[in-house]
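J.: Chain by chain, the residues run as shown.
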Amino acid sequence: MADTLPLAEAKSLVARARSGDFTALERLYRTYERPVYTLARRLTKSAEDAEDVLQETFLEVCRSLRQWRGDGSLWGWIRTIAASKALMRYRREKLREWEPLQEELGGAGVGEDIPLRMDLEAALARLPERSRAVVWLHDVEGYTHEEIAELMGMTTSFSKSQLARAHERLRRWLGTGVEA
Amino acid sequence: MSEQRHGTLEELLALRDGEGGAWVREHVALCAACAAELERLEQVRSQLKALPAFAPPRDRWLVIAQEARQERRRRRVSWSSGAVAAAAMLVLGFVVLRHPGTASQDAAVRQAMAESAAMEQVFRSLQPDARALTGRTAGVVADLEDRLAQVDAALNDPSAQQGDPGRVAQLWKQRAGLLSALVDVHETRATYAGL
Chain C
6 MADTLPLAEA KSLVARARSG DFTALERLYR TYERPVYTLA RRLTKSAEDA EDVLQETFLE
66 VCRSLRQWRG DGSLWGWIRT IAASKALMRY RREKLREWEP LQEELGGAGV GEDIPLRMDL
126 EAALARLPER SRAVVWLHDV EGYTHEEIAE LMGMTTSFSK SQLARAHERL RRWLGTGVEA
Chain G
739 MSEQRHGTLE ELLALRDGEG GAWVREHVAL CAACAAELER LEQVRSQLKA LPAFAPPRDR
799 WLVIAQEARQ ERRRRRVSWS SGAVAAAAML VLGFVVLRHP GTASQDAAVR QAMAESAAME
859 QVFRSLQPDA RALTGRTAGV VADLEDRLAQ VDAALNDPSA QQGDPGRVAQ LWKQRAGLLS
919 ALVDVHETRA TYAGL
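From first to last, the protein sequence lines stand for chains C and G.
Using my numbering, the first residue of the first sequence is number 6, and each one after it goes up by one.
Using my numbering, the first residue of the second sequence is number 739, and each one after it goes up by one.
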């Protein structure tokens with residue numbers, strides 16, 4: 006969760022940034038660079054992609070500051086821009102074409118050994134990108150399935166099923182499942 | 739138990755998120771395996787939230803600031819020389835052709851446009867982009883720029899004028915007034931800072 010600014014301070018910083026005060030813009034960047042980068046790392050496949058998302062996000066923030074009217078969380082607004090930028094990369098790279106195959110293979114590459122137990126970080130990294138994105142946006146960032154569906158251009162039931170599949174895999178890989 | 743089965747993962751996740759149906763809620767109250775699974779799902783969520791944050795490997799601020807400055811400059815140039823001038827001709831043409839006013843009304847529109855253009859020239863000469871503003875001044879400037887953007891939006895929308903040359907002249911006067919206020923703010927600050 007991001008260290009959010011108090012609303013009054015956020016409004017003051019945004020007003021200054023809108024009028025061209027780059028000191029205020031830098032303060033916004035310093036406040037949110039880490040949470041934006043962390044979100045981008047969770048939603049993209051590499052550190053390089055996450056860096057690109059970080060840069061694209063703040064350029065969009067600079068362009069669109071007038072759209073934030075101060076009636077909601079500044080972090081919530083910036084986070085949605087970051088998530089959109091990260092998820093747009095899926096569409097560009099047409100991951101949909103290969104992910105269903107990976108789904109059938111249970112998330113593992115062909116001929117790849119799966120350790121009996123993993124830690125959570127490794128298990129999360131192993132999830133297919135869209136499953137990881139859904140699990141992160143829902144369980145950590147608190148997005149609803151409706152919001153995730155809108156962000157990803159998919160249906161609500163897609164989001165729900167991706168979340169269930171992701172947790173099924175995590176259970177298997179973390180080795181803490183219950184017999185059912 | 740009304741059904742001889744366990745809750746599915748999707749049902750248990752919905753229950754964890756406060757959205758589960760009546761059946762699964764009742765089932766979990768009676769089934770130790772599903773209650774344990776629900777507890778495990780809650781733990782996984784807590785553990786996910788507790789994962790450490792990542793720090794960007796490089797400082798991107800200078801690159802972002804440079805690009806943002808260039809974009810801002812491009813937008814300013816476009817705003818001052820292109821969009822508003824085009825809107826002026828469009829609005830004037832629309833009003834005169836579709837709703838001809840009296841000669842004095844048309845003259846009033848032209849006069850207000852000329853005042854706005856003159857004040858805009860003064861404003862540009864102060865190079866507002868090159869000035870860093872802080873505190874209350876920045877807030878005043880932002881407010882004036884917002885109002886200016888609203889007036890420009892109205893000028894870009896001929897239907898909003900309702901074919902009334904008086905309304906068009908009024909908008910151009912408002913525009914000149916807002917630009918004048920921006921000039922005052924920047925000049926006051928320049929004098930205060932000894933620039």
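Among the hints, erroneous ones may be present.
[Claimed, not checked] Computed list of lysine-lysine pairs in DSSO-like fashion (alpha-carbon distance at most 30 Å, straight line):
| hint | chain 1 | residue 1 | chain 2 | residue 2 |
| --- | --- | --- | --- | --- |
| 1 | C | K50 | C | K165 |
| 2 | G | K911 | C | K50 |
| 3 | C | K165 | G | K787 |
| 4 | G | K787 | C | K50 |
[Claimed, not checked] Just a few of them, taken from the derived set where beta-carbon distance is under 7 Å, the chain C residues facing chain G:
| hint | residue |
| --- | --- |
| 5 | E38 |
| 6 | R39 |
| 7 | T43 |
| 8 | E65 |
| 9 | L70 |
| 10 | W73 |
| 11 | L125 |
| 12 | M159 |
| 13 | F163 |
| 14 | K165 |
| 15 | A169 |
| 16 | H172 |
| 17 | E173 |
Worth flagging that the hints you see were computed from the coordinates, not collected in a lab.
From the three backbone atoms N, C-alpha and C, an ideal C-beta is built for every residue, glycine too.
J.: Tell me, which hint numbers fail for this structure?
T.: 2, 8, 9, 10, 12 and 13
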